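Enquirer: Using the sequences and the hints given, assemble the complete structure.
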Amino acid sequence: MLNVDMKRSHLEQMREYRKRLMVKPQLRNLFLELTLRCNERCMHCGSHCGEVFSEELTVEQYRTFLQQVKEDMGTGGKMLDITGGEPLLRKEFFDIMGAAHELGFSWGMTSNATLIDDSVAKDLKKVGIGTISVSIDGLEQTHDEFRRTPGGYKKAMEGIESLLRCGGLEHVQVTTVVTHKNIGELDELFRIFNDMDIDSWRVINMEPMGRAKEHPELILTPDDYRTMFEFIRNKRMQGEPVSYGCSHYLGMEYEREVRDWYYLCTAGLYTASICANGDIIACLDIERRPEFIQGNVLRDRFSEVWNNKFSIFRRDLSDDNEVCSKCDQKDFCHGDAYHSWDFDNNRPQVCFKDILF
Amino acid sequence: MKKTLRTVVTAAMFAAANLSALPANADEGFEAPDLRNNVEREIYSEFYGAYGMPPTENVTTTAADFEQTFTTMTTTVRPQPVYGPPPTTSEQLDTTTSTSQQIETTTTTSQELEELFTTTTAEPVPQPAYGPPIVLCFGDVNVDGDVDSFDVLAVRKMLLNNEIDYRKLRYEPYYGDMNGDGKLGISDLILIQKLVLGKVTQRELQKEFGISYNMNVEIEGIAQPPADPDDPNVTKPIDEYDPGKDIVVTLYGIRPTDDITKDMLDPNGQEK
Numbered sequence: 005m006l007n008v009d010m011k012r013s014h015l016e017q018m019r020e021y022r023k024r025l026m027v028k029p030q031l032r033n034l035f036l037e038l039t040l041r042c043n044e045r046c047m048h049c050g051s052h053c054g055e056v057f058s059e060e061l062t063v064e065q066y067r068t069f070l071q072q073v074k075e076d077m078g079t080g081g082k083m084l085d086i087t088g089g090e091p092l093l094r095k096e097f098f099d100i101m102g103a104a105h106e107l108g109f110s111w112g113m114t115s116n117a118t119l120i121d122d123s124v125a126k127d128l129k130k131v132g133i134g135t136i137s138v139s140i141d142g143l144e145q146t147h148d149e150f151r152r153t154p155g156g157y158k159k160a161m162e163g164i165e166s167l168l169r170c171g172g173l174e175h176v177q178v179t180t181v182v183t184h185k186n187i188g189e190l191d192e193l194f195r196i197f198n199d200m201d202i203d204s205w206r207v208i209n210m211e212p213m214g215r216a217k218e219h220p221e222l223i224l225t226p227d228d229y230r231t232m233f234e235f236i237r238n239k240r241m242q243g244e245p246v247s248y249g250c251s252h253y254l255g256m257e258y259e260r261e262v263r264d265w266y267y268l269c270t271a272g273l274y275t276a277s278i279c280a281n282g283d284i285i286a287c288l289d290i291e292r293r294p295e296f297i298q299g300n301v302l303r304d305r306f307s308e309v310w311n312n313k314f315s316i317f318r319r320d321l322s323d324d325n326e327v328c329s330k331c332d333q334k335d336f337c338h339g340d341a342y343h344s345w346d347f348d349n350n351r352p353q354v355c356f357k358d359i360l361f
Numbered sequence: 024m025k026k027t028l029r030t031v032v033t034a035a036m037f038a039a040a041n042l043s044a045l046p047a048n049a050d051e052g053f054e055a056p057d058l059r060n061n062v063e064r065e066i067y068s069e070f071y072g073a074y075g076m077p078p079t080e081n082v083t084t085t086a087a088d089f090e091q092t093f094t095t096m097t098t099t100v101r102p103q104p105v106y107g108p109p110p111t112t113s114e115q116l117d118t119t120t121s122t123s124q125q126i127e128t129t130t131t132t133s134q135e136l137e138e139l140f141t142t143t144t145a146e147p148v149p150q151p152a153y154g155p156p157i158v159l160c161f162g163d164v165n166v167d168g169d170v171d172s173f174d175v176l177a178v179r180k181m182l183l184n185n186e187i188d189y190r191k192l193r194y195e196p197y198y199g200d201m202n203g204d205g206k207l208g209i210s211d212l213i214l215i216q217k218l219v220l221g222k223v224t225q226r227e228l229q230k231e232f233g234i235s236y237n238m239n240v241e242i243e244g245i246a247q248p249p250a251d252p253d254d255p256n257v258t259k260p261i262d263e264y265d266p267g268k269d270i271v272v273t274l275y276g277i278r279p280t281d282d283i284t285k286d287m288l289d290p291n292g293q294e295k
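Residue numbers (our numbering), protein chains in the order written: chain A, 5 to 361; chain B, 24 to 295.
Read the hints as simulated data drawn from the structure, not as lab findings. Hints may be right or wrong, so weigh each one.
Said to hold, decoys possible - Think about it this way: if two alpha-carbon atoms lie no more than 30 Å apart in a straight line, the pair counts; the simulated DSS-like pairs of lysine-lysine are:
(1) Lys185(A) - Lys26(B)
(2) Lys130(A) - Lys25(B)
(3) Lys222(B) - Lys206(B)
(4) Lys268(B) - Lys74(A)
(5) Lys74(A) - Lys295(B)
(6) Lys268(B) - Lys334(A)
In this text the structure is predicted, and so the values were computed from the model without any measurement.
Expert: This is the structure in structure tokens:
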């Protein structure tokens, strides 16, 4: 365990830093949800993606929007994070990303990689892809069941191999959503990924949102959480590029030990997102409620929205809950991640107090 | 997976922290007990019913003692063939019996027997002549069936924060009492680490310390050493911590390339 006093000191500095960000936010991550359509039906999908109707922006609308962002805010220090649905289902995918590349944006994407072969990998390289995060949610049978896609595991692994074979990416990451069912497969998954030339493995827990709420049996138990974090920490102690995601405050025991940074929910501070229909929100994982829509790129200038709205995200959620407001960790947790807050009952749905600390 | 400078530095950071978590004189307080001391006798006394009485005094054995005490007998038993009548040609056996003082040796040789014999070599798990058998859960503090780095972490956690009832977490401190002194302490942590690293085996440890499951093992907490700015073992940040620099992480925890980082930060590492 790292020095607790050092961590506390850093977290206190992070608290002050967050206060400054709330006054002067800095856009760094701009998520683009290209489509809600997906060729998989994941049990944990936070957006209910699948065979759904998806209102989508055109290539020209994206080009105009990105041009405005470049004019008003520049492209330096910003990264476009392309997601969906499965973004490669967009027929105009390479046109949209080609336009972003021409404008000088750096970009990365998340994908299930089932549609990636050598040809697609080369095309991705041509339009300037920098990073990719591919979902592998267990061993073959578990992955296919969890994502309700027969053959999905094999296709995804072939897609990763194509990406590695064609090269040119700065970072190829595998992401695994850990559930109560697949947590026993972590060791075997590590052996598989360790033999691959990927850059990192992101291990995250299933979040109680979207379609996952229909499968409470898959949510991790307190013991599962402890097992998962011990697993990640153990690998990192061995110098392996394994990391937890950005979600959740983990307490003094695990903060900074299972990831390379301290907890900070960047929604509205570093992060903004454009929904498939052009709505401007903070983070795509946050529950889609009308009051969270800050504007729409078809009628609003993004920079003005970013600078003048988003106040709903630039505050501490812990102030809304009596228990949280009295918690001794609230200065570091701030009510935890926006995406896991229960806005109907004003309480966090995921809190690691009494589980990890 | 690719190990990078960043991951190596992370591992080094943990290693440095682990070192600083241990008192500097941890090794000095650890002394292997005498194999013939009272502790050993007490442990063995609990098992002598099954394995015989332990020695009650220091044992000194010479070759002459053996000759006077032991009788060695080597006997070859002739097997029965599977088919056909049993052999009755005892006269074909060349049997030599010699007796010297109390030592009796019987040697049997026969060309015919060599053809009939099937030699089976089985190597039984060697058990100590007295004392408990080898117990494989020795060191398995988190009771997951393996003795691995998770057990090291579990012991370290218990030592650093010994006020929690770890049995509720399904940890079993008494499996971590490697030296059988009734306490879970630094010396036990060192022994488990050696075991996990393969520097010692369970057999060697058990031979050295015996085994004793004291359900009421006392956890010896470690007091955090006072921060000493001159102590090289105390981890401290080299540079002033800058949260803005620290969380220059964009897509899903992937740190941006140097070009993007330069766009975010000035040459001094401060945010633009």
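Enquirer: Check the hint pairing lysine 130(A) with lysine 25(B) against an upper bound of 30 Å on the C-alpha distance.
Expert: Satisfied, since the Cα-Cα distance of roughly 24 Å is no more than 30 Å.
Enquirer: Would the pair lysine 74(A) and lysine 295(B) pass a check requiring their Cα atoms to be no farther apart than 30 Å?
Expert: holds (17 Å)
Enquirer: With a cut-off of 30 Å on the C-alpha distance, tell me whether lysine 185(A) and lysine 26(B) pass.
Expert: The given pair, whose Cα atoms are some 29 Å apart, holds under the 30 Å limit.
Enquirer: Mind checking the alpha carbons of lysine 268(B) and lysine 74(A) for me, to see if they're no more than 30 Å apart?
Expert: holds (23 Å)
Enquirer: Holds or violated: lysine 268(B) with lysine 334(A), Cα cutoff 30 Å?
Expert: holds (23 Å)
Enquirer: For lysine 222(B) and lysine 206(B), compute the direct alpha-carbon distance and say whether it is at most 30 Å.
Expert: Judged against 30 Å, a Cα distance of about 22 Å means the pair holds.
The structure meets every hint from the earlier list without exception.
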